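Reassemble the complex: the two chains are provided individually, in unrelated frames, and hints are given to aid placement.
Here the protein sequences come in this chain order: A and B.
Going by this note's numbering, the first sequence opens with residue 1, and the numbers climb by one from there.
Going by this note's numbering, the second sequence opens with residue 1, and the numbers climb by one from there.
Incorrect hints may have been included.
[To be verified] Think about it this way: if two alpha-carbon atoms lie no more than 16 Å apart in a straight line, the pair counts; the simulated EDC-like pairs of lysine to aspartate or glutamate are:
id : chain 1 : residue 1 : chain 2 : residue 2
1  : B       : K165      : A       : E82
2  : B       : K11       : A       : E48
3  : A       : K150      : A       : D23
Keep in mind that the hints were calculated from the coordinates and are not lab data.
In this text the structure is predicted, and so the values were computed from the model without any measurement.
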Amino acid sequence: MNRVLLVLSASRVSNSCVDGALDAAESEGAELVVLFILDTVMPRDVRERMSHEGFLGEAPSGRLLLSMRRELKRQGINELTEVARAAERRGITHRTELVEGEFLMRALEAAQAEAPTVIFVAKRERAALSRLVSGSRAEELKDAATCDVKIHEGGDS
Amino acid sequence: MTRGDVLTRRKTLSIIIAFAVCVGIVLAPTPAELTREGQNALAIFALCFVLWVGNALPLAVTSLFAIVLLPTLRVLPASRSFELFGSPVVFFILGAFILAAALMRSGLSTRLALAFLRRFGRSPRSLLAGVIFSGGFLAFWMPQHAVAALLFPIVLEIAHALDLKPVKSRYGRALFLALAWGAVIGGIATFLGGARNPLALGILSQHYDMSITFVEWVVAVAPFSIILMGCAHFLLLKGFGVDVEDVSRAREVLNQKAKALGPISKREKGVGIVMVLTIVAWIVSGQVVGLASISILAAVALFVFNLIEWKSVEEYVNWGVIFMYGGAIAIATALHESGATRWIAYVAEDRIAGLPPFWMLMVFAAAATFLTEAISNVAAVALLLPICFGLMEGSGVSPISVVFVVAVPAGLAFSLPMGTPANAIAYSAGYYRLRDSFVAGGIFKIVALLLFALVVKFYWPLLGVGT
Numbered sequence: 001m002n003r004v005l006l007v008l009s010a011s012r013v014s015n016s017c018v019d020g021a022l023d024a025a026e027s028e029g030a031e032l033v034v035l036f037i038l039d040t041v042m043p044r045d046v047r048e049r050m051s052h053e054g055f056l057g058e059a060p061s062g063r064l065l066l067s068m069r070r071e072l073k074r075q076g077i078n079e080l081t082e083v084a085r086a087a088e089r090r091g092i093t094h095r096t097e098l099v100e101g102e103f104l105m106r107a108l109e110a111a112q113a114e115a116p117t118v119i120f121v122a123k124r125e126r127a128a129l130s131r132l133v134s135g136s137r138a139e140e141l142k143d144a145a146t147c148d149v150k151i152h153e154g155g156d157s
Numbered sequence: 001m002t003r004g005d006v007l008t009r010r011k012t013l014s015i016i017i018a019f020a021v022c023v024g025i026v027l028a029p030t031p032a033e034l035t036r037e038g039q040n041a042l043a044i045f046a047l048c049f050v051l052w053v054g055n056a057l058p059l060a061v062t063s064l065f066a067i068v069l070l071p072t073l074r075v076l077p078a079s080r081s082f083e084l085f086g087s088p089v090v091f092f093i094l095g096a097f098i099l100a101a102a103l104m105r106s107g108l109s110t111r112l113a114l115a116f117l118r119r120f121g122r123s124p125r126s127l128l129a130g131v132i133f134s135g136g137f138l139a140f141w142m143p144q145h146a147v148a149a150l151l152f153p154i155v156l157e158i159a160h161a162l163d164l165k166p167v168k169s170r171y172g173r174a175l176f177l178a179l180a181w182g183a184v185i186g187g188i189a190t191f192l193g194g195a196r197n198p199l200a201l202g203i204l205s206q207h208y209d210m211s212i213t214f215v216e217w218v219v220a221v222a223p224f225s226i227i228l229m230g231c232a233h234f235l236l237l238k239g240f241g242v243d244v245e246d247v248s249r250a251r252e253v254l255n256q257k258a259k260a261l262g263p264i265s266k267r268e269k270g271v272g273i274v275m276v277l278t279i280v281a282w283i284v285s286g287q288v289v290g291l292a293s294i295s296i297l298a299a300v301a302l303f304v305f306n307l308i309e310w311k312s313v314e315e316y317v318n319w320g321v322i323f324m325y326g327g328a329i330a331i332a333t334a335l336h337e338s339g340a341t342r343w344i345a346y347v348a349e350d351r352i353a354g355l356p357p358f359w360m361l362m363v364f365a366a367a368a369t370f371l372t373e374a375i376s377n378v379a380a381v382a383l384l385l386p387i388c389f390g391l392m393e394g395s396g397v398s399p400i401s402v403v404f405v406v407a408v409p410a411g412l413a414f415s416l417p418m419g420t421p422a423n424a425i426a427y428s429a430g431y432y433r434l435r436d437s438f439v440a441g442g443i444f445k446i447v448a449l450l451l452f453a454l455v456v457k458f459y460w461p462l463l464g465v466g467t
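So here's chain B without its partners, still in its complex pose (with noise of 0.2 Å):
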């Protein structure tokens, strides 16, 4: 049997499942507290976790049967289930791949990785902290997938020159961890890194009618990330060491790499404008224009300034994307509409009742950062979220905090090459093993949650966001 056998018998498997279990929960009795509707939109959540976590149909693809079976088992109308598509967060998510796009096509993403690179890469502890940094500062204004694969053949590069040996280097197990963590990292602290992070947005304003400003986000979680970068590289150094001594062949190659680039070109400088342009419009007026309008307005502006062709977009974007985000909100406002939500908070009440509100929010923050490593960031958002808003219900702490603890937490991936494609993308070059990432992965995650714990429950109170 091929693996491509395996693959065909693991998604069939998946697709039975995901079926036998919505009919079987569309076909159960309707318990008392609960609506009909909110029984369907259950086994249309239930399908959609079973093909999500097995992988069996492409995400996007998933999302839009959701939106379909909204309607078809009379969860929301079909006017409403649709409707969801034109989300503002979808079209701001749209706006930032454009940008990111924009980015990538003129080569600016790689000059200012470059630029990083060089500044740091002075010793080997300095040029393994260059790569998380750069990684992480990237994954700021670009998503985290893209910074990985930017920065692959980069350090690449690195390897080559300072003839590190797949997993025999030491070094070389803890500079590719770094390409991988440095973009996880830096993915969760803007709403540009991960688009989990306008998603949770998206179903908070969704469910209450609230927002989170640009500011307000990177203010709360910037300064975590920034700290994880730091722990990142301290736990690399102490967990694989260093084995090699100079690191001059390294900052030859970047410096050739850089020369090749040649001066910044017109192109790289207006992209760098209208970036900067658009991250001060968010921060100023975000608000009052809106995060979405501001995002597609920059995406036009692109184009009026001839700084990217329609066909580049095509080539640097995936428009499954729109189905994929507009599929996940529009589930999360079934359930919440349905009143689905409201009866998980009814039956969990007994089980959760007691527990001290921050307890339960590391109760969440644990789950999303545990079920990131199965499931796609996005997808454990799209579970999660609408099931902890129904069990704080009542509990008097703010869904701005659930946000918080559900979609940063649910970035966190750095055990497995599944967790996240940056995970997977340094996995596959081959320096390091499994049991690498999994054992320090491990160790880093249970920091990171400690870490995670101490800024909810003192950092967070002094921005007005808290249990």
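Just chain A, same shape as in the assembly (with noise of 0.2 Å):
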């Protein structure tokens, strides 16, 4: 059975990218896996920012670390409940998987382990000089991945 790979995360949520998702697999009767990514990188970096910037102590950021992450995931599991609820609708086969790390690399691990025949992802809102400078995981996991990957603009949700 094919298999479309949804590939998700707090701040690469898109409409349009989970509708042309579920049109996919619908229109190639294939398997439907959405993946939830929780981003370590983003709570990090602003627990970084309070130590090296706020001069604040390890337990008012580690506080706040842990708020920032039973918030991601909270997201991260009611948006995969919408993902695999608007599938059951329309009666596509579909997995849900919610899992933790650097987005690029969850997300290529899961394309290595899922093969699927298509990708959709969403490109995280950024400014233009900030995605100049870093360049965007969502291109990079297209130049990395074997399979087609298609790249939705985010932040339409």
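This is how it looks when you write it as structure tokens:
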């Protein structure tokens, strides 16, 4: 059975991306694998800034990190539940998975393990300068993946 | 390439550029009007600028590096360079951080935040006002970053109680921007909310042997801060609207959290009393005893009355704070004592001659408010203030006015998560997109600058601060 891989994260949620993945899975009669990546980078960055720029110690920044991770997990579960419900309504075979880690690494691991025919991913909304300097993880996924990767602009949800 | 690789590459690039610029300036021919020491001071300044902007090293490490470079490049004698770490401002900030640690450790800060929010949270509009004003009020008395971190889990629980969907809920976007903006706006009003304010005071003292009292600062800036909080509320309501009708579930959550805290503890009462007495002492005898001495005495009192343990202080305060502020003062002092700021004034004289002092101050304010979106607001003050002092020399404008027009706008970072940790914290919840904060924050920044211009033009002259 063919597979469609939909890769989401808290900062990479897009209605058009989810709809595209559902449409593709439905038309191909493929299994939809929905992966939500709990990005560890952003909470870590914020914690580091609290410490290096805000000069707050381990106790408040550690508590903040915990709050952020709990919230991201809650959002991930909610998003996966919503996509799963939409897939059920359309009779699409589906699986959902919640993983934690660096976005690109986790997405590539899933791409290798699931061997999908197509991957749907949304771009994280960022300042143009930041994208210019740091590049785009979604574009890097497209370059590294062996299958077709459909990239949607993030932030339309 | 992982994000870690990208960050490493960016940091490496920043370090290479920083050293290249520094070496380039050191090796360049010395202009006739500039001393060799001044040229080297500018080289160190440029190096710190690139490292701070590029975030290549922790801010405190860059400052520490500058302290060592100053005697190495013969800008200042080693004893002078290192003694700047002992600046009273550094100890004022240290004492303020220990007080903030006691507020957080005792739970008094959480109790105050909840009390504020419960008082306001009767309708969606008033709840939004509650988030802004509770953040703002708390940031009068403790670091704004700590306030944002403190309010973050509370605002998250409000969002959950109201079933606000990340990004989809307009009220959710407003609520999290309110969290960041409230803390940021409150941080400009006193010496406690943002350590850049006492840093500016320290640089002023090193350059001109002048000072601003606690009361003078609060009277000059707090009214502007309170008006900005009102503006923030208005703009967030107008910009995002209210898509929830009832906030009673949020009130329930706040009541439950307040109930869970139980009755006020002896420790909370003790910390509260020390805090109030400290503020009274800053107001009444700040000029006689010195702000820093009072701040450290207050920190000692916390230990004498067993209100905090040293272990807690270590858990709540990052000691890099001493290096950061000590280093920033050393760089600013070196620019002044080496004659570098006089040379900047000489070079810029032709370009700015004829510009009325008010407009020059506004240019400084605009530069500070935009620079602070890209780099730490402390770094923005440390970089801009010595230059502005140089540019204003001979213009007849009081250096005190220059301190206000640099330090206050340098705190007004509303648009980008990178501007200040408070913005980064609020953004990390995912309830608003970058474009929300960019557009709304950009509009608010312009409104704030216009209001600030009115304050400079009409309010400050009434206090004897003006152009």
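Each hint tested on the structure:
Restraint check: the Cα-Cα separation between K165/B and E82/A comes to about 12 Å, which is no more than 16 Å; the hinted pair holds. The suggested pairing of K11/B with E48/A holds, with an alpha-carbon distance near 15 Å, which does not exceed 16 Å. The straight-line distance between the Cα atoms of K150/A and D23/A is roughly 13 Å, inside the 16 Å bound, and the hint therefore holds.
Violated hints are absent here; each numbered hint is respected by the structure.
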